[in-house]
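Participant: Chain order of the listed sequences is G and E.
Position in the first sequence (first residue = 1) + 3 = our numbering.
Position in the second sequence (first residue = 1) + 7 = our numbering.
Keep in mind the hints are simulated off the structure, nothing from the lab.
Because the structure is a prediction, the values reported are computed rather than measured.
Treat each hint with caution, since some may be false.
Residues of chain E clear of chain G, computed beta-carbon distances all greater than 12 Å [stated by the list, open to error]:
#1 49
#2 59
#3 76
#4 88
#5 97
#6 151
#7 226
#8 230
#9 251
#10 267
#11 286
#12 313
#13 402
Pairs of lysine-lysine, BS3-like flavour, derived with a Cα cap of 25 Å [what the hints assert, rightly or not]:
#14 G:335 with E:150
#15 E:457 with E:476
#16 E:476 with G:356
#17 E:268 with E:303
A virtual CB, placed ideally from N, CA and C, is assigned to each residue, including glycine.
The lines below spell out each chain.
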Amino acid sequence: MTARQLTQQIRRGDTSAVAVCEAHLDRIKTLEPAVSAFNTVTAERALARARSLDALQQAGAPLGPLHGVPVALKDNMCTAGVPTTASSKILRGFVPPYNATVATRLEAAGAVIVGKTNLDEFAMGSSTENSALGPTRNPWDLDRTPGGSSGGSAAAVAAGMVPLALGSDTGGSIRQPAALCGIVGLKPTYGRVSRYGLMAFASSLDQIGPLTHTVEDAALMLAAIGGHDGHDATSSSEQLPDLLAALTGEVTGLRIGVPRAFLGDGVDPAILAAFNAALATLAARGATLVDIELPHAGYGIPVYYLIATAEASSNLARYDGVRYGHRTAIEKDDTLRTMYERSRDEGFGAEVKRRIMLGTYVLSAGYYDAYYLKAQQVRTLLRQDFERVFATVDVVATPTTPTPAFKLGEKTSDPIQMYLNDIFTVSANLTGLPAISVPCGFSAGRLPIGLQFTGRSFDEVTLLRVADAYQRDTAFHTESPTAAEALMNRPASQP
Amino acid sequence: MSDTFEAVIGLEIHAQLLTATKIFCGCSTAFGAPPNAHACPVCVGLPGALPVLNRRAVDLAVTAALALGCEVQERSVFARKNYFYPDLPKGYQISQFELPLALGGGLQMPASVGGRFVKLTRIHMEEDAGKSLHEGFADSDRKTYLDYNRSGVPLVEIVSEPDMRSAEEAALFFETLRQILVWLGVNDGNMDEGSLRCDANVSVRRPGDPKLGTKTEVKNVNSFRYLEKAIEFEIGRHIDVLDHGGRIVQETRLFDAAQGKTYSMRSKEEAHDYRYFPEPDLPPLMVDAARRDRIKAALPELPEARRRRLIAEYGIPEYDAALLTQTRGVADYFEQTARSCGNAKAASNWVMGEVLRNMKERAVAIEAVPITPAALAGLITIVEQGTISSTVAKDVFARMYDTGRAAAEIVAADGLAQISDTSSLEPIVQRVLAAHPDVVAEIKAGKDRKFQFLVGQVMKETRGKGDPKLVTDLMRAALGT
Ligand SMILES: [Zn+2]
Chain G
4 MTARQLTQQI RRGDTSAVAV CEAHLDRIKT LEPAVSAFNT VTAERALARA RSLDALQQAG
64 APLGPLHGVP VALKDNMCTA GVPTTASSKI LRGFVPPYNA TVATRLEAAG AVIVGKTNLD
124 EFAMGSSTEN SALGPTRNPW DLDRTPGGSS GGSAAAVAAG MVPLALGSDT GGSIRQPAAL
184 CGIVGLKPTY GRVSRYGLMA FASSLDQIGP LTHTVEDAAL MLAAIGGHDG HDATSSSEQL
244 PDLLAALTGE VTGLRIGVPR AFLGDGVDPA ILAAFNAALA TLAARGATLV DIELPHAGYG
304 IPVYYLIATA EASSNLARYD GVRYGHRTAI EKDDTLRTMY ERSRDEGFGA EVKRRIMLGT
364 YVLSAGYYDA YYLKAQQVRT LLRQDFERVF ATVDVVATPT TPTPAFKLGE KTSDPIQMYL
424 NDIFTVSANL TGLPAISVPC GFSAGRLPIG LQFTGRSFDE VTLLRVADAY QRDTAFHTES
484 PTAAEALMNR PASQP
Chain E
8 MSDTFEAVIG LEIHAQLLTA TKIFCGCSTA FGAPPNAHAC PVCVGLPGAL PVLNRRAVDL
68 AVTAALALGC EVQERSVFAR KNYFYPDLPK GYQISQFELP LALGGGLQMP ASVGGRFVKL
128 TRIHMEEDAG KSLHEGFADS DRKTYLDYNR SGVPLVEIVS EPDMRSAEEA ALFFETLRQI
188 LVWLGVNDGN MDEGSLRCDA NVSVRRPGDP KLGTKTEVKN VNSFRYLEKA IEFEIGRHID
248 VLDHGGRIVQ ETRLFDAAQG KTYSMRSKEE AHDYRYFPEP DLPPLMVDAA RRDRIKAALP
308 ELPEARRRRL IAEYGIPEYD AALLTQTRGV ADYFEQTARS CGNAKAASNW VMGEVLRNMK
368 ERAVAIEAVP ITPAALAGLI TIVEQGTISS TVAKDVFARM YDTGRAAAEI VAADGLAQIS
428 DTSSLEPIVQ RVLAAHPDVV AEIKAGKDRK FQFLVGQVMK ETRGKGDPKL VTDLMRAALG
488 T
């Protein structure tokens, strides 16, 4: 059931916030041992909150648009009084004293936070395998990754543990796991959603967004979390339009750009077939397909890994063992420097260390111009590519990922292979443009495939309208994940 | 200084901007709170916290820049200066680097120190760090405590060109700059509490050599006298090293005030690579022409201009003008008093005298003096009118200070008015003459200096209220001298 349907049922009195919360907690209890989507499940808190929401409803108080809907937050978003670890050993036991703006806004909208989901440590990765708490598994095939870094949120939504979850997207970290788990993932325009309380990976690229089953739910959730926030100087004062009203199903005359040249090597034939079929569906609904060129899109990966690591090397400097988080055991003759080195060495995982070192190098005297500055210049060229394209088309369509979900451990030894997974997603982060992934089919092995649309800056309306229209003609998003269903249907006696 | 070398000095001055709250969060900047009383997720660098620029801090920084003749940049960019230190909570300081808030400008120095115009390189905004507390705790031998109250306090860094040639000139530059910043209300000038700090870059070279010598930086010298001493010491040290065939090592040094010496803190080889890059959490700082012009229009007249105008407009001596412009409040106080009473010299004497003396004794600023300029003007007027003598006036001033009452009111209530009618004074003069026949005889014998003694006796009898001129006249007439 979608979040929209759930909240309507609660409002009608067909069910209660408590009953909905209990049902989802039950499902989490059943599936979590196999899926490992959560770092923390806040069952007590969630039930207490659901009870207070039911009381509010009984008292006739005004109810929020997400009234009674269970939600999960990626564990890099601060929740006051609830551990927030970024799936890093360095933050084990860290309990923030404050709420991220998105957490405050979700609760203000009536949502019930049921837990915090697993991620690649500090959102650095594409498989959730870089988590200090162990990997999350794909509900469609437990031997495969759910993608990353928002793999926990994606798996939780795909498996029906929650109808809605928040992820963060720095290079595709919402859209790629959404595609690999067969759900909807939306990365809003940079600045649309406040980053206050999001543990920064790369500040100029990070953006929080919804993971849901339907585009309508994504619109509902973005409406709840979006809009200007005085705590984030990069949050836009651009007015948030009525997103639900935008979902008219109308795409007649809408121009969809397809960068054919960019879809060449390395893309799985099943993905290309699903992508082409999706385009045909949209064309049949009245949209016009236009061939476009994005000459600099091919540089996306290197540019992304230069900028993201540079910013990360600085953003992660605060994890020094001084004020919070892991501090090494101090020996008698240890210097301050030893404390820093050992605390960080013990606290950070291999991929995080790799990126901190790479980023430190990128910003170093003598290399800054050749790497960081050059990357920023190419970023500008990429932005210009999209500006040019959006003069003639309304959205750009590509596959979300070059392949469906890969096996756990398959790419962990080869970082470059892992990085290439982001080929279609990094552009939206580098340009700040909004992008969404919707389910558009299955591979031969019944693994989900994602279709990505990228829109104009702050034009989530058009983006969501196209994606919603597509969902009106397709049913991929209504299918249940095979492995999770098998677990649910197991006789109760079995372990 | 050895005449075979010329000193080259540049200063970097960190001035705290006088805002109520920190530069990137809502915490108070008040000095003296218990450790970490003024701290929040932003200024202790908790995960996920983000900076939001304090607009008031920008206005103050722009005020300083415009007053110093700098070109305020329409677009400036915050940058991260990356280094690890426990008092630096984020592992980077938010500062400005490639594109600072303001460029150029400078200060004209007086002829006494060479009459140079000392140029400024730049002014940029940044946040202060916290404070490591190495002492004062039972376990201080094993632990360092941290206080983040200062973390995120707004600063401007004012960087001069290496335009100064003597320690004296540098100290005067710093002093003049301090006066201007305080005058503008941009900084409180309090060097003990660290709201104004100075680093000096010192090098020496042969006169006429266009190339600069290797410099050393003396960090954190927080008094004008120490700055002068530290620079003096460095110049001497450089010359000594070079005279003995040595080479100056580029390094950072600290000044030990007790010993009057500088000592090495770290050399260039150990210097950090700060890996500056634009701060992605803050959009570029835009100061448009309208905002700049609005701040410019609100700039007060600066000390030097004020001094010149006071001399021209009120005809007061240069000495007076310099004293009266030590702060903007004092200058305002003087001008209001002078305008109210119409006697600028008298106003100047009173402000330089009783007013400044009371401020000093009571350690208060002009704003805390309870006598308003209008009230002081009232006192000056009744002295001028001869209602009270200047001796009594000082007493009246003291009573005004303590009670807040007007001068005329005190004079009337306490019966302090000057006695200036002959009929009242004549009998007293006669009494005094009768009581001192010996003195009268001495005066008549030509010892005129005894005359003042008799006048004094009359004043004593009138409890200081007798009109001294009239008393003198009556006495002369009675003695026939
Ligand atoms: Zn604060």
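Participant: Next, verify each hint and record whether it holds.
Facilitator: Quick rundown of the hints versus the structure:
1. 49: 8 Å, violated
2. 59: 5 Å, violated
3. 76: Residue 76 of chain E clear of chain G: closest Cβ-Cβ about 30 Å, beyond 12 Å.
4. 88: 10 Å, violated
5. 97: 5 Å, violated
6. 151: Its Cβ does come within 12 Å of chain G, the nearest being 8 Å, so this is violated.
7. 226: Given a closest Cβ separation of 19 Å, the condition holds.
8. 230: 30 Å, holds
9. 251: The claim stands: residue 251 of chain E keeps its Cβ more than 12 Å from every Cβ of chain G (closest is about 34 Å).
10. 267: Its Cβ never comes within 12 Å of chain G, the nearest being 30 Å, so this holds.
11. 286: With a cut-off of 12 Å, residue 286 of chain E comes too close to chain G, as the shortest Cβ separation is near 8 Å.
12. 313: 39 Å, holds
13. 402: 58 Å, holds
14. G:335 with E:150: The given pair, whose Cα atoms are some 11 Å apart, holds under the 25 Å limit.
15. E:457 with E:476: The hint holds at about 17 Å.
16. E:476 with G:356: Violated, because 92 Å separates the two Cα atoms, which is more than 25 Å.
17. E:268 with E:303: 42 Å, violated
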